[in-house]
Amino acid sequence: MRYVIILLALGLTACVEEPIDGRTAYMDNCASCHGVDGKGDGPAARGLAVAPPDLTTITARNGGVFPTDQVMSTIDGLDRGAHFSAAMPEFGAGDLGETVIVEEQGLGTPVPMKLLVLTEYLESIQQ
9 MRYVIILLAL GLTACVEEPI DGRTAYMDNC ASCHGVDGKG DGPAARGLAV
59 APPDLTTITA RNGGVFPTDQ VMSTIDGLDR GAHFSAAMPE FGAGDLGETV
109 IVEEQGLGTP VPMKLLVLTE YLESIQQ
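Per this note's numbering, the sequence shown starts with residue 9, numbered consecutively.
No wet-lab data here; the hints were simulated from the structure. None of these values were measured; they are calculated from a predicted model. There's no promise every hint is true.
With beta-carbon atoms standing in for the labels, derived distance ranges [claimed, not checked]:
hint, residue 1, residue 2, range
1, 55, 113, 35 to 45 Å
2, 54, 113, 21 to 31 Å
3, 101, 31, 18 to 28 Å
4, 72, 112, 27 to 37 Å
5, 51, 112, 31 to 41 Å
6, 58, 109, 27 to 37 Å
7, 31, 51, 17 to 27 Å
8, 31, 71, 24 to 34 Å
All C-beta atoms, glycine included, are put in the ideal place defined by N, C-alpha and C.
The task is simple: from the sequences and hints, build the whole structure.
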């Protein structure tokens, strides 16, 4: 019986998704085009018709304020202007993980965890 309990515990542990951090999400999904440091010089960038933007200057380009909602919409693919390259995947079409509630001004909004940590990471690399 003891072995059954141990096997069940190990099986449940395997089912629990490992928490993801923003840097890991960035390295797995963005670094090939935007570069390890976010400057737009990743190895895949050379083959793109439109150069990937420098992600470390988002705040500077937005008057000193990091546009969290706009960044999330861009990554998700929900709200992109015509100037965006078709090479940028719509990550919202894939699995962005479990949803968490983000509260802002008393309003709770469900946000996929991977999208949230990736956006927080991008905010942390601003110059």
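Checked hints:
no.	hint	in the structure
1	55 x 113: 35 to 45 Å	43 Å, holds
2	54 x 113: 21 to 31 Å	43 Å, violated
3	101 x 31: 18 to 28 Å	23 Å, holds
4	72 x 112: 27 to 37 Å	19 Å, violated
5	51 x 112: 31 to 41 Å	37 Å, holds
6	58 x 109: 27 to 37 Å	35 Å, holds
7	31 x 51: 17 to 27 Å	18 Å, holds
8	31 x 71: 24 to 34 Å	26 Å, holds
Figure legend: structure checked against the earlier numbered hints; hints not met, in rising order: 2, 4.
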